[in-house]
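Now for the letters of each chain:
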Amino acid sequence: MAGTPLQIEREATPEPKLSVVDVLVDSLKRWVFSVQDYSLLSARSIKNLATGPRYFQDTLDQMDDIGVGSLPIVLISGFFIGAVMVLQTGSQFTRFGQAALTGDIVAIALVRELGPTLTGILVAGRCSSGIASELGSMLVTEQVDAMRAMGTDPSRKLITPRVLATVLMLPLLTALNDFVGLLGGCVASVFSLRLGAVEFWTRAIKALDFADLMQGFTKPMVYGFILATVGCYKGLNVRGGTQGVGRATTQAVVLASVMIIAADLFLTKLALYLGDKLF
Amino acid sequence: MTTAAAAATTNTGPAVVFDNVYLGFDEGDILRGVSFSVPARETLVLLGETGTGKTLTLKLAAGLLKPTRGSVSVLGQEVSSMSEKELLHLRERIGFVFQEGALFDSMTVGENVAYRLREEHVKEDEIQPRVKEALQFVELEHTADQLPSELSGGMRRRVSIARALINRPDIVLYDSPTAGLDPVTSQTIISLILRLRDVYGVTALLATQRLQDGFALANFSFDKESKHVVRTDAAKGAKSSQTPAATRFMVYKDGRIYFEGDPRELYSTKDPYLRRFLV
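Protein chains in written order, with the numbering used here: chain S, 354 to 632; chain P, 10 to 288.
Simulated from the structure, these hints should not be mistaken for laboratory data. Wrong hints could be hidden among the right ones.
[What the hints assert, rightly or not] Simulated pairs of lysine-lysine, DSS-like, Cα-Cα distance not exceeding 30 Å:
id, chain 1, residue 1, chain 2, residue 2
1, P, Lys262, S, Lys510
2, S, Lys400, P, Lys75
3, P, Lys94, S, Lys370
4, S, Lys630, S, Lys559
5, P, Lys94, S, Lys510
6, S, Lys382, S, Lys400
7, P, Lys75, S, Lys382
Based on the sequences and whatever the hints tell you, model everything.
This is how it looks when you write it as structure tokens:
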């Protein structure tokens, strides 16, 4: 011990000087690699369904957590969104003496657009973050490595059940959101616009056609896939310990929400095109 | 499932072979040209400063990481070139005790220990007795229904050992099993490792920063007749024909093997760097 220097001398390695172009190229490379990794993760999550082992109980557990667990937020938000929609559109239609059309417009907007997208964003906020933080915590505490060391494929055990559960549950949550939204709208129209409840419901249901329902229930399946895969990707790529888990959780919500909104544009365009051709 | 003793007699070559292994990340190579072999039933103690690659060596041996250059063979199979699917079968013969235990925190102790058996679809009436036996080995049979968060650090390590030995592996990899524990609990963990080595005849790689752990493995053994840990000298003179398993040390420095030899060579070294470990 005597004579041992307090500070161990290490050979200094000079840091390489980077130009702005180097930094930009490096960032672009990282982005391309992340898109590649995300695509491979997403493709594998579907491919795992074709062969065993399949984790049926884990899928059921996730359906309970994602589906039943998201019910309160989806129902409460849906009710108020429907009520606000009626108030906003009703106030405009009243000016032209067409307040009765409020039910038609709110039903179409809710079922085609607001229901799926807002449900997707709400569930992304709740579940995408939860998935990222759960998987991120497992990663930093070596539980994922422990799983692999004991012969389990983490993609089959952790990712596929969550993706499948979300894809199955989100359309159901959307349906409930739409129903409760119309209920909220009905309450608002009765008390605010002085419309009859029966008239509101009759017009709302009659305004909807099959194309609207197709659009309204296929979009959530895509949104469910996005939010689950983004949550899993961010969680399983955590860097930097617990601070990294927090960062990944936030990034998962932001990225999933933005991707849902961007996907909405393309899905709406596709749905309208197919609706014209097929129905 | 073969016992470790039967597997050791059929496997004529070394249990673990590293051949000119390099492993690096963005920051550069951590392991640089590491080559060593571990005969069956031997214990290899890996020593070195933090960040020298001890944990990476264990993860390479388990196939959790792939080397950037060189090859790693375990039980005669080249793990560095095997796919993840092929590795799943080999890992049935490898037990891994992670640094903080890496227990699955949403499962009870019993479920953690039974995890591997359930993954292999072992019948439920066979699982319970084996879990009980494994927990009795680590003297924690009373904790089967508790969650890992309810256990102390030392207890979690012991459960991790029980989980690793449930399949009677041929090789057990220990990553700093006594890190962060008090001396008394550390002795309990080392006693368990001695029992595992001397009762089941496993080959072990133990990464540690505590030299006394390595010397304990070299100088003590578990006497099956008296069921106590005894000094190796005393065991040699005892009536039983038990031969203590060989223990070797390997010290890493700057990603390379700085020293490889038996405990006496390490203890009597004049090298100033190695002498610092003996303080």
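Going down the list of hints, with the structure as the test:
Only pairs whose Cα atoms come within 30 Å are accepted, and Lys262/P paired with Lys510/S is rejected, the gap being roughly 38 Å. Distance check on the hinted pair: Lys400/S and Lys75/P sit about 24 Å apart at the alpha-carbon level, within 30 Å; holds. For the given pair, Lys94/P sits about 42 Å from Lys370/S by alpha-carbon distance, which is inconsistent with the 30 Å threshold. Taking the CA atoms of Lys630/S and Lys559/S, the gap is near 21 Å; set against the 30 Å cutoff, the hint holds.
For the given pair, Lys94/P sits about 14 Å from Lys510/S by alpha-carbon distance, which is consistent with the 30 Å threshold. Note on Lys382/S and Lys400/S: the hinted pairing holds, with a Cα-Cα distance of about 27 Å set against a maximum of 30 Å. In summary, the hint linking Lys75/P to Lys382/S is supported, as the alpha carbons are separated by about 22 Å, within the 30 Å threshold.
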